[in-house]
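Protein chains in written order, with our numbering: chain A, 1 to 297; chain B, 298 to 593.
FYI, nobody ran anything at the bench for these hints, they're computed from the structure.
Here are the simulated distance ranges between beta carbons: (1) B:573 / A:287: 46 to 56 Å; (2) A:213 / B:309: 52 to 62 Å; (3) B:358 / A:152: 49 to 59 Å; (4) B:470 / A:61: 51 to 61 Å; (5) B:413 / A:23: 13 to 23 Å; (6) A:268 / B:372: 36 to 46 Å; (7) A:172 / B:413: 50 to 60 Å; (8) B:413 / A:238: 48 to 58 Å; (9) A:152 / B:467: 52 to 62 Å; (10) B:581 / A:31: 52 to 62 Å; (11) A:199 / B:413: 38 to 48 Å; (12) A:200 / B:360: 30 to 40 Å; (13) A:268 / B:413: 50 to 60 Å.
Rough simulated footprint, nothing fancy, chain A against chain B, three-plus residues with beta-carbon under 8 Å: (14) 369-376; (15) 402-414.
For each residue, glycine too, the CB sits at the ideal point set by N, CA and C.
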Amino acid sequence: MTAATASGTGAGRGGGPRASGSPSFGVGRALRLGFGRVGYEARVYFRAGDTVFFTFLFPVVLLAIFSVAFDGLGDVGANPDGTGGISQAAYYLPGMVAAGILLSGVQNLGVDIAVERGDGTLKRLAGTPLPVLSYFIGKMGQVLVTSAAQVVLLLLLARVVFGVALPSDVEHWLTFVWVYLLGIFTAAVLGIAISRLPRSGKSASAVIIPPLLILQFISGVYLNFALLPDWLQNVASVFPLKWIAQGMRAALLPESFAAAEQGGSWNLAGVAIVLGVWLVVGLVVCRVTFRWIRKDS
Amino acid sequence: MTTPPPAVSVIGLRKSYGDFTAVDGISFDIAAGETFALLGPNGAGKSTTVEILEGYRERSGGEVRVLGTDPRHANLAWKARIGIVLQQTGESGNVTVREQLTHFASLYPNPRDIDEVIAAVGLELKAKTRIKALSGGQRRRVDVALGVIGRPELLFLDEPTTGFDPEARRQFWELIRSLSREGTTIVLTTHYLDEAAQLSDRAAVIAGGRLVDIGPVDELGSPEARIPIVRWTDANGRHEQRTPAPARAVADLLARGGEPPELEVIRPSLEDIYLELVAAAEAEAPAARGDVEVRA
Chain A
1 MTAATASGTG
11 AGRGGGPRAS
21 GSPSFGVGRA
31 LRLGFGRVGY
41 EARVYFRAGD
51 TVFFTFLFPV
61 VLLAIFSVAF
71 DGLGDVGANP
81 DGTGGISQAA
91 YYLPGMVAAG
101 ILLSGVQNLG
111 VDIAVERGDG
121 TLKRLAGTPL
131 PVLSYFIGKM
141 GQVLVTSAAQ
151 VVLLLLLARV
161 VFGVALPSDV
171 EHWLTFVWVY
181 LLGIFTAAVL
191 GIAISRLPRS
201 GKSASAVIIP
211 PLLILQFISG
221 VYLNFALLPD
231 WLQNVASVFP
241 LKWIAQGMRA
251 ALLPESFAAA
261 EQGGSWNLAG
271 VAIVLGVWLV
281 VGLVVCRVTF
291 RWIRKDS
Chain B
298 MTTPPPAVSV
308 IGLRKSYGDF
318 TAVDGISFDI
328 AAGETFALLG
338 PNGAGKSTTV
348 EILEGYRERS
358 GGEVRVLGTD
368 PRHANLAWKA
378 RIGIVLQQTG
388 ESGNVTVREQ
398 LTHFASLYPN
408 PRDIDEVIAA
418 VGLELKAKTR
428 IKALSGGQRR
438 RVDVALGVIG
448 RPELLFLDEP
458 TTGFDPEARR
468 QFWELIRSLS
478 REGTTIVLTT
488 HYLDEAAQLS
498 DRAAVIAGGR
508 LVDIGPVDEL
518 GSPEARIPIV
528 RWTDANGRHE
538 QRTPAPARAV
548 ADLLARGGEP
558 PELEVIRPSL
568 EDIYLELVAA
578 AEAEAPAARG
588 DVEVRA
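Next up, chain A with everything else stripped away, as it sits in the complex (with noise of 0.2 Å):
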């Protein structure tokens, strides 16, 4: 032992510890750092088998369960002469599309960085010439890998298991392209600046879950939207979720669904201004609050 801890070390004595030259520290090396750290980052997301059930197979199960139970109940929105209408799964795709987003997003990175926090992760983190750019490419990056999947997942579910029709046109895939990358940045960046929230890393589920799953109800996920209170739903509306499952909606559902929306369409343009609302000031927050660790609280 003692020899091969002699070899361990004399590695370094050829140039000895201060051989670095003048190494570079910009931008470039973040960015490098950054997509290096997307690797790690999903590799342990995948490996923390809590996690993958709950932000990443849950909505893949409730679209599964969905679609079985309310089978009996027949299709949504059919004439009355029982044309014209959709399955039960293609009915709840769209939301359990957004569901996802939300949970890859907010849910994971909120608790995901709090428990980083509280078991000194980020503490030992804070040590390393890690830029604090870097450690976020990673967990965004680590977000969309997890997200995307998720979400190839739901439509390979709905396609292939449950007969869904997806969109055979440009216009609505590229309807379901923005309002996708728009809602998981979104996510990510207010999952990061909730991460402030929880006192400790053990209470962050109980702090960032239940908010999120009433959400979830409020938002037109779970529950049809249009049967909700005006009031519920113009509650709904200040947050993103909602606006992430009409995206959803505008881009999976067809046209005729639209007349069911808050003001009788899909109001594109207002899913766009409310989430690029939400991602700027998710930045802001993240920018001023962001901390390794919390200094001498």
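Please arrange chain B on chain A, whose structure you already have, making use of the hints.
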């Protein structure tokens, strides 16, 4: 002859939390390449001092330079020259030892070889084990490995061997000695006085937020504190005599009354000297506990 600038320079360091003064005017220098131990009881201000040097805490007063930089204004280039082993273990449980070291190595401009570091901390057989499956002592070795992977010029070790078995501690000491031979400056806080004696060139004793003594470990305390003690028992009970000439004292005893019962000749150990220092400091400086002194 010019002396190289010190690796660490602390002048009049103070840190208060409300009206509690954790660190109350500490000054010391640590030379480049030196191994320096900070000793003191729990709550004495050791960790607070070290965390200020590491840039984790803001100070309330005084001047601090670490590798020529004020840690308040530390940048990434400065962090790349420093290695930190925190008191608490970080819990990145779902990665293997090798994955974690590979990742941390990628953060530094001139890291050590990963396999050599794994061997140096004695975790070759655990390299592919996830950190959460390791024992407490093994995790601590991962912490140490992560602290040295970036080839730091200055290494902070905050109670590094807590939870080590005796063999692992000896192995760890060997690692620290080899880092020291390479020229690494090492700042060690520890409860184990033998560890400080084994590793450090100099030590500082902190008690009640103040620097009680500083110097080579075998010179800590007053010369009087090192005077041997002769103890024996006679008809009147137990006796104790402090004398620089214990052999003569024992010979006198023998000459006077024959073989003295329960004879002991004791040279105060480092621990005895240290405990005496701390007890004296705590008796005379109640202000540093914050219950007397009130800060604006």
